[in-house]
Amino acid sequence: MSRESEFQAVARELGYDFSGELQKGGNYTPFVRHGGQVFVSGQVPRVGSEIVVTGRVGTEVTLARAQLAAKVCVMRALVLLRQSLGSLDAVGRVLRVTVYVQAADGFSQLSEVADGASEVLFRVLGEAGVHTRTSVGVAQLPKNAAVELDLIAAEN
Amino acid sequence: MSRESEFQAVARELGYDFSGELQKGGNYTPFVRHGGQVFVSGQVPRVGSEIVVTGRVGTEVTLARAQLAAKVCVMRALVLLRQSLGSLDAVGRVLRVTVYVQAADGFSQLSEVADGASEVLFRVLGEAGVHTRTSVGVAQLPKNAAVELDLIAAEN
Amino acid sequence: MSRESEFQAVARELGYDFSGELQKGGNYTPFVRHGGQVFVSGQVPRVGSEIVVTGRVGTEVTLARAQLAAKVCVMRALVLLRQSLGSLDAVGRVLRVTVYVQAADGFSQLSEVADGASEVLFRVLGEAGVHTRTSVGVAQLPKNAAVELDLIAAEN
Chain A
1 MSRESEFQAV ARELGYDFSG ELQKGGNYTP FVRHGGQVFV SGQVPRVGSE IVVTGRVGTE
61 VTLARAQLAA KVCVMRALVL LRQSLGSLDA VGRVLRVTVY VQAADGFSQL SEVADGASEV
121 LFRVLGEAGV HTRTSVGVAQ LPKNAAVELD LIAAEN
Chain B
157 MSRESEFQAV ARELGYDFSG ELQKGGNYTP FVRHGGQVFV SGQVPRVGSE IVVTGRVGTE
217 VTLARAQLAA KVCVMRALVL LRQSLGSLDA VGRVLRVTVY VQAADGFSQL SEVADGASEV
277 LFRVLGEAGV HTRTSVGVAQ LPKNAAVELD LIAAEN
Chain C
313 MSRESEFQAV ARELGYDFSG ELQKGGNYTP FVRHGGQVFV SGQVPRVGSE IVVTGRVGTE
373 VTLARAQLAA KVCVMRALVL LRQSLGSLDA VGRVLRVTVY VQAADGFSQL SEVADGASEV
433 LFRVLGEAGV HTRTSVGVAQ LPKNAAVELD LIAAEN
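Residue numbers (my numbering), protein chains in the order written: chain A, 1 to 156; chain B, 157 to 312; chain C, 313 to 468.
In short, the hints are calculated from the structure, not lab data.
Check before you lean on any hint, since a few could be wrong.
[What the hints assert, rightly or not] Heads up, simulated DMTMM-like pairs for lysine to aspartate or glutamate below, C-alpha to C-alpha not over 20 Å straight-line: (1) C/Lys-455 with A/Glu-112; (2) B/Lys-299 with C/Asp-417; (3) B/Lys-299 with C/Glu-424; (4) C/Lys-455 with C/Glu-362.
Bear in mind that the values here come from a model prediction, so they are computed numbers and not experimental data.
Could you build the full structure based on these sequences and the hints that come with them?
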């Protein structure tokens, strides 16, 4: 299956439509392509105008919902990579993913949350989606999002 | 107006003098230039020997003061870019900015804080200052700073 | 003394054996080498199957123990750089280090914690180990680790 078909299959499974214009949260740009690398801004799990998973993971948000949030974040990042490079096929390698989890006191399953995003990257991009990763639990995220994710990729 | 003149205009508006030697907080270097990229260490809103905005944003620190802190951080980063490249004119593009806000429980206007920094980058560098950005609210910052900011830029 | 000998000397001083297979915490890869850069995933102070320093720095964990944790994290990163490049001698420059500290409320000696890692990098790699750095205090880290560290390096 092509990367684009895989992307669409994941979108259907999640039940969200990622075809609309991506909103941005402030005075910056969602991606910069430069010198063979693409930097993608921090993505929250927004679909259309709604943050679909808000609250603190571990109390208000379950691990499963946080993993869903991580998947939505990374799907948004994939949309931006496609927009930047013209096609998902032009992604040479995902270099770095950072996953920020709005974590309740004592919630340390941060890698497990991030696994949601890693799984999607590998499924859609195959070996090119195998990335380095850092997962941390932070105090607050923009708009009370449960998860935020940014990444750096290399083009083919 | 040249980039340098814009920089000086912002400095005057902020009422701070950025001409002194920048202090560093520990055993590392404020910038590394390598392979066409410049990495700038995390900057807190220090002017001379004083952190000008300390405390927790949302309770002890207002949004407006936090935006000021973000501006001071990014002015320091601009000083370092200038020092690294010889001139602000040599900045080809700001690739990535990460903004850490020492946020009170429930304070989620993190993008709004970061807008302070983004505004300065665009004003001083124009299109070259349009960057990708990640904003997160963290538990603690060095020396009780309200905001910390790091960035990666590309040279011309 | 060669870089490898320095590395072994630090390992002896810390009293830990870094020769085993490094475990990873989830569905990602510990390093990616691409375009002259090596990205290293977030490292917690794990030795074998044990996280050697857990808890919140400032209450449960002293500054000295947190510095030890930072040293263990960076030794793991050095192991990965060696594995990626074949030898520590192939590290051209450490570009960026980010240090996340699982900090108690009011603990702001985050740069001091990170100094533990910076000291090891300089000792093992010399001038090539002088890096840019960002230190932040976060709410939670994977597996209740006291410190997490990631880095980007350039090859020779």
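How the hints compare with the structure:
no.	hint	result
1	C/Lys-455 with A/Glu-112	holds, 10 Å
2	B/Lys-299 with C/Asp-417	holds, 13 Å
3	B/Lys-299 with C/Glu-424	holds, 10 Å
4	C/Lys-455 with C/Glu-362	holds, 10 Å
Checked against the numbered hints given earlier, this structure breaks none of them.
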